[in-house]
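Asks: Chains A and B supply the protein sequences, listed in that same order. Using the working numbering, you'd call the opening residue of the first sequence number 1 and step up by one each time. Using the working numbering, you'd call the opening residue of the second sequence number 1 and step up by one each time.
Do not rely on the hints blindly, as some may be mistaken.
Below, computed lysine to aspartate or glutamate pairings styled on EDC-like, alpha-carbon distance capped at 16 Å [unchecked claim]:
(1) Lys182/A to Asp213/A
(2) Lys96/B to Asp136/A
(3) Lys182/A to Glu222/A
(4) Lys75/A to Asp89/B
(5) Lys53/A to Glu132/B
(6) Lys68/A to Glu132/B
(7) Lys53/A to Asp99/B
(8) Lys65/B to Glu141/B
(9) Lys68/A to Asp40/A
(10) Lys96/B to Glu100/A
(11) Lys68/A to Glu83/B
(12) Lys233/A to Asp89/B
(13) Lys53/A to Asp97/B
(14) Lys125/A to Glu109/A
(15) Lys116/A to Asp136/A
(16) Lys195/A to Glu100/A
A few chain B positions that, by computed beta-carbon distances, are all more than 10 Å from chain A [unchecked claim]:
(17) Arg36
(18) Val44
(19) Arg60
(20) Arg68
(21) Gly70
(22) Val93
(23) Asp133
FYI, nobody ran anything at the bench for these hints, they're computed from the structure. Fair warning: this is a prediction, and the values are worked out from it, not measured in the lab. The beta carbon of each residue, even a glycine, is placed where N, CA and C say it ideally should be.
One-letter residues, chain by chain:
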Amino acid sequence: MSLLLNRTSLQSFKTPPLLLAAALLLAPLAGYAQSTPSGDRWLHVRVVSTDSKGETVCVNVPLELAEKVLPAINKNQLHGGKITIDKLDEEGVDLRAVLEAVRGSKDGEFVTVNGKDGEDVRVAKQGGFLLVHVTDASGHVAHHHHANKDSQEKDQDDKKSADRDHPSKAAVTANVSHVEVKIPMSVVDALLSGKKDELDLVAGLRMLSVQGDTELVSVKDEENTVRVWIDSKNTNGAVDGPGGGTR
Amino acid sequence: MILLAKVGLGIVGAVAVTGAYTFREGVMRVDVDEYRANGSHVHVWLPAAAIPMAMQLMPRRDMQKAFREGREFMPVARAVAHELGRFPDSVLVEVKDGDEHVTISTHHGAIRIDVSQPDEQVHVVCPLATIEDVTQELAEEHRGI
Chain A
1 MSLLLNRTSL QSFKTPPLLL AAALLLAPLA GYAQSTPSGD RWLHVRVVST DSKGETVCVN
61 VPLELAEKVL PAINKNQLHG GKITIDKLDE EGVDLRAVLE AVRGSKDGEF VTVNGKDGED
121 VRVAKQGGFL LVHVTDASGH VAHHHHANKD SQEKDQDDKK SADRDHPSKA AVTANVSHVE
181 VKIPMSVVDA LLSGKKDELD LVAGLRMLSV QGDTELVSVK DEENTVRVWI DSKNTNGAVD
241 GPGGGTR
Chain B
1 MILLAKVGLG IVGAVAVTGA YTFREGVMRV DVDEYRANGS HVHVWLPAAA IPMAMQLMPR
61 RDMQKAFREG REFMPVARAV AHELGRFPDS VLVEVKDGDE HVTISTHHGA IRIDVSQPDE
121 QVHVVCPLAT IEDVTQELAE EHRGI
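This is chain A alone, in the form it adopts within the complex (with noise of 0.2 Å):
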């Protein structure tokens, strides 16, 4: 009976620590099920360097992250997720203004310019999209715009344009660059919904949030290669981005 009575208080007294290591090992486990969100939007950007060592980098950040991330950053013109824009009226622009201009207006291409050095800017607003199209060249460049393909067979179909025709004029192609901006209107409504000399980037995140797989910039020039998109992928792959095709 003592014996018994024993037993029984031995194992009273050894069961709560046990128990309590055994739920404090598996607490995480049960945090990780439930922290695995799906539909998370991702914003990439990748920078390859065309040098002999083929610099590449690679960023992924969840959108959600930056939106609840931007309000904790408080620096310079950055405050509570928004961005005051008086230092762009300084230097001449007011950039709320044309992008309220572009918002009201329907589609169409806004701005050309056609500069002497080879500098062509193209800004137009198309199918909800802000559009704005960079060449600078350095020498005499053709520029060609493909809406249906993606760049890097734009670049090839410029290249090998240049080489059949203009054998020469291969090198100076080399010295182009590219710059291609697509922002969807929705996300400039967002950016413009705060007060008249800011603008609120967490509104545009949440709003490009909700978009479809995007390109948002693309650059290309002879030492660089830029790209920043989104989509719903958390890794930076070679055959990533909109469109799956190797860029």
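The hints should help you fit chain B onto chain A, whose structure is shown.
Replies: Positioned in the frame of chain A, the structure of chain B alone reads:
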């Protein structure tokens, strides 16, 4: 004899709880290997749970200095650590430059920094919860001035 057994079980229980708590909080790891003559090899494994406890023992003046120096980044680090824990394991930043390779990633609730060079390897792992705790601790210390 029974008393001895109870004491023994108490110790075993305490060790089990401490061990479980340590593993739950994770381990902060710093590994540095230099592959050259007289290169150093540093391997530090520290229970993450011990870091906030150790901060309690730090001189208050040093804590306030640490807060002042990192004041701008503290809320950002805390927000990033808090939010990153909600996303699946991912490579956040990757830089490749010839033989050099740097990655910043999340893995099992920890942030991982891996630097690989031909003559040096550096690996740092820090649980996100620890970053949150440390920044929280520093902020509270600052409020208590």
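Asks: The structure should be examined with respect to each hint, and the outcome stated for every one.
Replies: Outcome of the hint check:
1. Pair hint lysine 182/A plus aspartate 213/A holds up; C-alpha atoms about 12 Å apart against a cutoff of 16 Å.
2. The hinted pair formed by lysine 96/B and aspartate 136/A fails the criterion: a straight-line CA distance of about 28 Å is larger than 16 Å.
3. Of the pairs offered as hints, the one joining lysine 182/A and glutamate 222/A is violated, with about 22 Å between alpha carbons and a cut-off of 16 Å exceeded.
4. The suggested pairing of lysine 75/A with aspartate 89/B is violated, with an alpha-carbon distance near 30 Å, which exceeds 16 Å.
5. For the suggested pair lysine 53/A and glutamate 132/B, the alpha carbons sit about 38 Å apart, so the restraint of at most 16 Å is broken.
6. Taken as a hint, the lysine 68/A and glutamate 132/B pair is honoured in the structure, with Cα atoms around 15 Å apart against an allowance of 16 Å.
7. The suggested pairing of lysine 53/A with aspartate 99/B holds, with an alpha-carbon distance near 8 Å, which does not exceed 16 Å.
8. With a C-alpha separation of about 11 Å, the suggested pair lysine 65/B and glutamate 141/B falls inside the 16 Å cut-off, and the hint holds.
9. At most 16 Å may separate the alpha-carbon atoms for a hinted pair to count; lysine 68/A and aspartate 40/A meet this at roughly 14 Å.
10. Our distance criterion of 16 Å between C-alpha atoms is broken by lysine 96/B and glutamate 100/A, whose separation comes to about 41 Å.
11. At most 16 Å may separate the alpha-carbon atoms for a hinted pair to count; lysine 68/A and glutamate 83/B meet this at roughly 8 Å.
12. Note on lysine 233/A and aspartate 89/B: the hinted pairing holds, with a Cα-Cα distance of about 12 Å set against a maximum of 16 Å.
13. A distance of roughly 6 Å separates the Cα atoms of lysine 53/A and aspartate 97/B; the hinted pair therefore holds under the 16 Å criterion.
14. Among the hinted pairs, lysine 125/A with glutamate 109/A is consistent with the structure: their alpha-carbon atoms are about 6 Å apart, no more than 16 Å.
15. At most 16 Å may separate the alpha-carbon atoms for a hinted pair to count; lysine 116/A and aspartate 136/A meet this at roughly 11 Å.
16. For the proposed pair lysine 195/A and glutamate 100/A, the alpha carbon gap of about 13 Å is at most 16 Å, so the pair holds.
17. Every Cβ of chain A is farther than 10 Å from the Cβ of arginine 36/B; the closest lies at roughly 21 Å, confirming the non-interface assignment.
18. No beta-carbon of chain A comes within 10 Å of the beta-carbon of valine 44/B; the shortest separation is about 23 Å.
19. Every beta carbon of chain A lies more than 10 Å from that of arginine 60/B, the smallest distance being close to 25 Å; the non-interface claim holds.
20. With a minimum CB-CB distance of about 16 Å to chain A, arginine 68/B clears the 10 Å threshold, and the non-interface call stands.
21. Every CB of chain A is more than 10 Å from the CB of glycine 70/B (nearest about 13 Å), matching its label as outside the interface.
22. Not every C-beta of chain A lies more than 10 Å from that of valine 93/B, the closest at about 5 Å, which undercuts listing it as non-interface.
23. Interface exclusion of aspartate 133/B from chain A stands, the closest Cβ pair being 15 Å apart, more than 10 Å.
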